[in-house]
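S.K.: Okay, here's what each chain looks like letter by letter:
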Amino acid sequence: MSHVNKHFGDLHVLKDINLEVARGEVVVVIGPSGSGKSTLCRAINRLESIDDGEILIDGKRLPEEGAALARLRADVGMVFQSFNLFAHKSVLQNVTLGPMKVRGRSPGEAKERAMELLTRVGVANQAEKLPAQLSGGQQQRVAIARALAMEPKVMLFDEPTSALDPEMINEVLDTMVALAKQGMTMIVVTHEMGFARKAADRVVFMADGMIVEESTPEEFFTNPRSERAKDFLGKILGH
Amino acid sequence: MTDYLNDFASLFDQYDVLGAFWVNIQLTFLAAIGSMLLGSLVALMRISPIASLRLLGTGYVNLFRNTPLTIILVFLVLGVWSQLGINLSPDFNRNFFLYAVIGLSLYHAAFVCESIRSGVNTVPVGQAEAARAIGLSFLPAARLVIFPQALRGAITPLGNTLIALTKNTTVAAAASVTEISALMKTMIEFRPDVIIAVFLTVALGFVLLVVPVGLLTTWASRKLAVKR
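Residue numbers (full-length UniProt numbering), protein chains in the order written: chain A, 1 to 239; chain B, 1 to 228.
Keep in mind the hints are simulated off the structure, nothing from the lab. Any given hint could turn out to be false.
[Said to hold, decoys possible] Partial list, computed: chain B residues near chain A (C-beta under 7 Å):
(1) G126
(2) A133
(3) I134
(4) G135
(5) S137
(6) P140
(7) V145
(8) P148
(9) Q149
(10) I188
(11) E189
(12) A225
These figures come from a predicted structure and were not determined experimentally. Glycine included, C-beta positions come from ideal geometry on N, C-alpha and C.
Here chain A stands alone, though its shape is the one from the complex:
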């Protein structure tokens, strides 16, 4: 993405953002609340529109609306902070819906693939339950399986563990680390520094709508260059 700008009213939430993510790369976006990192993540599959600049995925410019946009979103997996599983559908139906209705897979094929994915994220035994009957951690893993079922080119994670109890954070992070190791292209907005250290190829630090610093995890955590990043790390790592 290059020269991306976005305003919410008077608030300039994304200021001239330039970011390139290579295939297979895991980029972790961190920063204080209100720094625009979630907005950045949501802009990539156009859940938020942008005022100017451009976003390219796989060399193609992000369509503005309609069928072309829907096709693009099918190629971009998204995991939300609040899971957003379809509340009226079973876990299995949550995962098969996209492949069947968007990709045109047969029910049998979709189900088989869904069970594989649910096994991979460790919730296959919950397949017939409704989302509300699962714990937060389980719901989030189902959400990851739902996104993976579309065979996305890139996965976006918008604070995937922020709504979880501390005990459940690890089960979700483990799933994400495994995914990163398998070579998935990932953009992860998170406050989990442990995950950034373990799985990230690159850390992007945002503050006040700008990318302040970009570097490898080791370098960022041990030797941050900007004052803003030092201040931020001091606050979160200090206790």
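On the provided structure of chain A, position chain B as indicated by the hints.
M.R.: Frame of chain A; chain B shown alone:
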């Protein structure tokens, strides 16, 4: 007292009270289907991403919700049928009946639309975002994700609309349909001796029709509530 009861009983020999109620039930049933289909369509327009459709939907609701039902029915009969000469059925009575169904459907569709829209508001915005994020465009997202949840959230207001519709079928008398209120007028005119009983019969008839609707919607709204 016995005399009064005998007089009252003779009313049922003289007039087809049950038959008249049956007309109301038919009107309710058909207009419920009609208004549900049309109301869903208008609701879909009102939540669609296309501004001109939203405007059209809003216009529809404001026009029909704010027009008295009597005016709509009289317009259909005197304007569309009498003036424009459009016959819906070669049978004279059937023609009026069908006009009444259309009028009731047009009018209540506005309320059905608003009920569904209130149901849509019970669906968290994240559900729509998740649907879009897996690549569903507006119509499939609405059909597969939003509406199934919205309808469950709309059961109570839809039930209220159905109750209003049931009672509003009496306005079909204005479209010359011989339903129960039209018959009531006749009975009052020709059998003033049992006028109180006539009123009570009609009132009780509607209570019997409407109470189950209320019970059913309360039960269904609990049973079908989406667990979050």
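S.K.: Does the CB of I134/B sit less than 7 Å away from some CB of chain A?
M.R.: Because about 4 Å separates I134/B from the closest Cβ in chain A, which is inside the 7 Å limit, the hint holds.
S.K.: Checking hints one by one. Is A133/B an interface residue toward chain A, by the C-beta closer than 7 Å rule?
M.R.: A133/B check passes; min Cβ-Cβ to chain A is 4 Å, inside 7 Å.
S.K.: Quick check on the hint: V145/B CB to chain A CB, less than 7 Å?
M.R.: holds, 6 Å
S.K.: Have a go at the Q149/B hint: is there a Cβ in chain A nearer than 7 Å to its own Cβ?
M.R.: holds, 5 Å
S.K.: Once the shortest beta carbon distance from G135/B to chain A is found, is it less than 7 Å?
M.R.: This hint holds: G135/B lies near chain A, its Cβ roughly 3 Å from the closest one there, short of 7 Å.
S.K.: Does G126/B meet its interface restraint, that is, does its C-beta lie within less than 7 Å of any C-beta in chain A?
M.R.: holds, 4 Å
S.K.: Hint S137/B vs chain A: min CB-CB distance below 7 Å?
M.R.: Given a least distance of 4 Å, the restraint on S137/B holds.
S.K.: With 7 Å as the cut and Cβ atoms as the points, is I188/B at the interface with chain A?
M.R.: This hint is violated: I188/B lies away from chain A, its Cβ roughly 50 Å from the closest one there, beyond 7 Å.
S.K.: Holds or violated: the hint that E189/B contacts chain A, with Cβ atoms closer than 7 Å.
M.R.: At 53 Å from the nearest chain A Cβ, E189/B fails the 7 Å test, so the hint is violated.
S.K.: Close enough to count: is the Cβ of P148/B nearer than 7 Å to one in chain A?
M.R.: Given a least distance of 5 Å, the restraint on P148/B holds.
S.K.: Is the hint on P140/B kept, meaning its closest Cβ partner in chain A is under 7 Å away?
M.R.: Cβ of P140/B sits 6 Å from chain A, so the hint holds.
S.K.: Once the shortest beta carbon distance from A225/B to chain A is found, is it less than 7 Å?
M.R.: Status violated, d = 10 Å.
This entry does not satisfy hints 10, 11 and 12, going by the numbered hints stated previously.
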